[in-house]
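For the protein sequence lines, the chains are A and B, in the order given.
Just so we're aligned: 111 in the working numbering is position 111 of the first sequence, and the numbers increase by one with no gaps anywhere.
Heads up: take any position in the second sequence, counting from 1, add 1000, and you land on the working numbering.
Honestly, I wouldn't trust all of these hints.
DEER-style ranges, computed between Cβ atoms [as the list claims (entries may be wrong)]: (1) 49(A) to 1175(B): 19 to 27 Å; (2) 235(A) to 1251(B): 49 to 57 Å; (3) 292(A) to 1062(B): 20 to 28 Å; (4) 1175(B) to 35(A): 19 to 27 Å; (5) 36(A) to 1109(B): 47 to 55 Å.
Since the hints were derived computationally from the structure, they do not count as laboratory data.
Note that the coordinates shown come from a computational prediction; the quantities given were computed from them, not determined experimentally.
Every residue gets a Cβ at the ideal spot worked out from N, C-alpha and C, and that includes glycine.
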Amino acid sequence: MSEVALNDPAMRTDDGASRAAVLKRLRVTDNVFRLLTRNAALFVLVILSGVILALVIGALPALQKFGISFVFTEVWNPVTEEFGALAPIYGTLVTSAIAMIIAVPVGIMVAFFLTELCAKWLRRPIAIAIELLAGIPSIIYGIWGLFVFAPFLQKHVQPFLIDTFENVPGLSSLFEGPPYGIGMLTAGLILAIMVLPFITAISRDVFDAVPPVLKEAAYGLGCTRWEVFRHVILPYTRVGVIGGVMLGLGRALGETMAVTFVIGNAHKISASILQPGTTISAAIANEFTEAVSDLYTSSLTALGLILFVITFIVLAAARYMLSRIQKRAG
Amino acid sequence: MATFASNPLYARRRRVDVVSKVLAYAATAFGLGWLVLILGILVVNGIGGLTLDVFTHDTPPPGSAGGLLNAIVGSLLMTVLAVAIGTPVGVLAGTYMAEYGRHDKLASVVRFINDILLSAPSIVIGLFVYQIMVAPIGHFSGYAGAVSLAVLVIPVVVRTTEDMLMLVPDTMREAAASIGLPRAHMIVRIAYRAARAGIVTGVLLAVARVSGETAPLLFTALNNQFFSVNMNAPMPSLPVVIFQFALSPYEEWQQLAWTGALIITVTVLALSILARSLTARK
């Protein structure tokens, strides 16, 4: 700070100007700046209301035409102009569920490793590497998934799943049909890799916030590391971990490009997770520029509105939980 | 020791502990493995096509050689404009929340909404900008692409600006106030200066975030196979070209997609490492 703040031109009294005039000028700039920042903050609210309003207006024709049955109809036929959102909604929920089933335990175990087991000097490099995983653009996951991961699953994993579960009642329909490579399972697995860093990062932060006294007390009683983690750290940070999981879920629900590459874009509901399907975001990305009629565009916008409402609820719940644990940590 | 080891309860607890440790190591190896695998395959597939032609030629028609020049220029133009729009708004909004509104209702509502925008699906932002710009104007444009990216820049900058200003010690603010410095001058001259590295970090992170974004550009900037700096017309971008080329059946196009993917990833990772090192020095 070489320059002294008082040397600011606004601070100096020019020869002619009186002291009162300078003070007035300062007051005016002060107020202008405050209003400027306040309006910028309000602008953030304007953006959100704008997003909701624009989506509602865009979706209105489709919602008027199909009503509430839009959400419960599976048909998606651009030729006869019949549109229903059930297949994309189903695909979104199923792929996200697959992602969370894998990413939640793995993410929490990585955070357990980072906070309790890992050597101190190794913590930062590993944490940074996991965060880099979060920084890779989703289109990279998409192209990698299409050319590398899907063929691998098709050749080595899916035939194995089909054979293994063929005669298991209940599970056989889940892993049925020819191995396409692309499909709901592939999309879910890629989503799992993508949300893993988010869950790990937040779990690690909340685990780190556990008062050392609590852990030391448990170790003093002779608990093993796992027992300390399972019975002291996890119960103490439960709300925060759930918040982190919800945040990851929000990402998974709205993720577009990685899924678009590998989902297959088929507007149908299959019991088997090896079959192609579609998600809300993939349907919009694939079809929006090709949608010629107004009703088609409007139906896709209605899909966007549904997605926004779902993610808004999930993210709001996540933020609420995370703010609760922040308050407790002081 | 012998008595402990022969105690079945103790043995079981130790077994569970060992299993949990193995699982934790395995989970970490699993997470890091993907990073290595994805980056490795990206380098192997992308580096072959990484010639000077990529930076000097435009995207080719199917079946012939070419480069990515128009896509790279389009991405740069839209990113620069997006940052130019998003940074002032974001910094000012973050300033309000850290300096003026620490305890008021507006700031906490904005903070909540901003956090939601931070993770909102980017494709929805694309739909939003389509509704407010593309549909009324009647055609796709680089401006619309830049605006949709700016909407993604703002929450990142708001968040980091607020966080970084909160780290500036209040004693500095009090010292400035005690010599009669008006609040606006205190913020610009003292607080901004103390938080400068952090605010720059926020802008870099925002650039890293938007330079890989594809979904919001698909129906705002669309694409353009020719070189164009006219932002009032459809504009190509690296991610959208990768999307189009990767899904095509032509080998030249797929190779260009891999090369483009490598360029984007290196850029994004370099930006986020640079951003991290800026604040880590403190």
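Tested hints:
| no. | hint | result |
| --- | --- | --- |
| 1 | 49(A) to 1175(B): 19 to 27 Å | violated (40 Å) |
| 2 | 235(A) to 1251(B): 49 to 57 Å | holds (56 Å) |
| 3 | 292(A) to 1062(B): 20 to 28 Å | holds (24 Å) |
| 4 | 1175(B) to 35(A): 19 to 27 Å | holds (25 Å) |
| 5 | 36(A) to 1109(B): 47 to 55 Å | violated (19 Å) |
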